[in-house]
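Heads up: the protein sequence lines correspond to chains V and U, in order.
When the letters of the first sequence are read in order and numbered with this note's numbering, they come out as residues 417 to 721.
When the letters of the second sequence are read in order and numbered with this note's numbering, they come out as residues 180 to 334.
Treat the hints with caution; some may be incorrect.
Claimed, not checked - Derived DSS-like pairs (lysine-lysine); straight-line CA-CA distance at most 25 Å: (1) 209(U) / 316(U); (2) 431(V) / 318(U); (3) 579(V) / 316(U); (4) 673(V) / 623(V); (5) 533(V) / 287(U); (6) 318(U) / 421(V); (7) 431(V) / 316(U); (8) 316(U) / 621(V); (9) 316(U) / 619(V); (10) 419(V) / 318(U); (11) 316(U) / 421(V); (12) 442(V) / 566(V); (13) 533(V) / 209(U); (14) 318(U) / 619(V); (15) 533(V) / 318(U); (16) 579(V) / 318(U).
Said to hold, decoys possible - Just some of the chain V residues that point at chain U, by a computed CB distance under 7 Å: (17) 503; (18) 504; (19) 505; (20) 524; (21) 526; (22) 527; (23) 529; (24) 530; (25) 545; (26) 547; (27) 611; (28) 615.
Honestly, the hints are just simulated from the structure, not real lab data.
No residue lacks a Cβ here, since even glycine has one placed at the ideal position from N, Cα and C.
The residues making up each chain are set out below.
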Amino acid sequence: MLKGKDITTIRDLSKKEIFEIFEVAKEMVPIAKGKSIDLLRGKILATLFFEPSTRTRFSFETAMHRLGGDVISFADPKTTSISKGETLADTIRIVDSYSDVIVIRHSYEGAAKLASKFADHPVINAGDGAGQHPTQTLLDLFTIWSNLGKIENLNIGLLGDLKYGRTVHSLALALADFGANLYMISPKGLEMPEHITREINEKIKIKKSENLLSVIGDLDVLYVTRIQKERFPDINEYLKIAGSYRIDLSILEKAKKDLIILHPLPRIDEISPEVDYTPHAKYFEQAFNGVPVRMAILSMVMGVR
Amino acid sequence: MQEKELKIEKIRNGTVIDHIPSGMALKVLKILNIDENIKTTVSIGIHVMSKKSGFKDIVKIEDRYLASKEIAKIALIAPNATVNKIKDYEVVEKYNVVPPSEIAGIVKCSNPACVTNANEPVVPEFYVISTDPIRIKCKYCEREMEREDIIQHII
Chain V
417 MLKGKDITTI RDLSKKEIFE IFEVAKEMVP IAKGKSIDLL RGKILATLFF
467 EPSTRTRFSF ETAMHRLGGD VISFADPKTT SISKGETLAD TIRIVDSYSD
517 VIVIRHSYEG AAKLASKFAD HPVINAGDGA GQHPTQTLLD LFTIWSNLGK
567 IENLNIGLLG DLKYGRTVHS LALALADFGA NLYMISPKGL EMPEHITREI
617 NEKIKIKKSE NLLSVIGDLD VLYVTRIQKE RFPDINEYLK IAGSYRIDLS
667 ILEKAKKDLI ILHPLPRIDE ISPEVDYTPH AKYFEQAFNG VPVRMAILSM
717 VMGVR
Chain U
180 MQEKELKIEK IRNGTVIDHI PSGMALKVLK ILNIDENIKT TVSIGIHVMS
230 KKSGFKDIVK IEDRYLASKE IAKIALIAPN ATVNKIKDYE VVEKYNVVPP
280 SEIAGIVKCS NPACVTNANE PVVPEFYVIS TDPIRIKCKY CEREMEREDI
330 IQHII
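With the rest of the complex left out, here is chain V (with noise of 0.2 Å):
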């Protein structure tokens, strides 16, 4: 049951509270698709975005319409009480003393535990700073889950910049425990974090390479991250890097049939339009399980599923 948790860091959830959330999830696509239902009617959610969002927030948002509740919010952090100078933990206080679930998104780290200590209703986070961003995983997970029907065995990539991107961190975590097999590949200079790394490797074998090429036929799942420019000193150097790591029909050929292409968007040039149209792309259907995804949560967290 997880009515009344607070879903701060994906290790908040044990793994047979993940599936569950998966069985609701699926439960929720027809109705994420446009058939409302009354099941959180009276509910009122606040999403503090202090850190700008489109996805999640929206995502966030709809979730709780579509399942009949309302939501408060703020349109921009500047013109709240926290540009006073009020703290993050009376902020809370005040906002929970009106609302019956709380998700957050802050720049500092660990904001939303801070939250969670403030406030009596159940905190999810959305994003704080560099650190965590459980839901995103949880969507990730159930594309995988919903796509392949497991997760265990599974051959899963994870390309690009592995160093900086958060959300790509909490996921390599989450696979480790559900016993993924994992492959890294990464430009030199954007490896996974040794801290990560070593977690993981007390679970499962890590595989890391810098070529896509010479794994990409092993795969069963491919999750894309951006390599932001600003990563490299010489815009050469990033062009290069770039180049070798674009996903595009010709590098696909050596993909399994089966293959899904996951990616947490937005994308800038590391998939090629033209791979919209295979059934390798699963990034557009994945940022939609956003939604279901949050239905679950929010319907769980506030003890109706």
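Put chain U on the given structure of chain V with help from the hints.
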């Protein structure tokens, strides 16, 4: 060690913290909140020759006995230290230090972006995830810190 070689006098009553890694004595004082408001005598030996381990530091605090929580804190930076309770010049109890499983309010998180370093009404809290070598993990931002980092961030 022979008595005639003693650089620091024996104390009558109080606590002797021995086998502190060389150079760490002042950090130990900091952990024990020993500052300018001290009301009893404290003797410190830094870089003292040790039979066991080359050089060591030693701290003698008169008329004060340490709570088990304080002893646990010492373990964070001096895992091999021993704490001797002295009564009438005799050692009446001797403890090896053992780090606690969780700590609060002793160390600041080394992550500048951690919410505990913002102006919020919380004390930094950590899980001790490994004792040898010492490694702690912030309960808020999940940043891990090792010995050197811990020493630098003692509050």
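task = Output the numbers, in ascending order, of every earlier hint that fails for this structure.
result = 13 and 28
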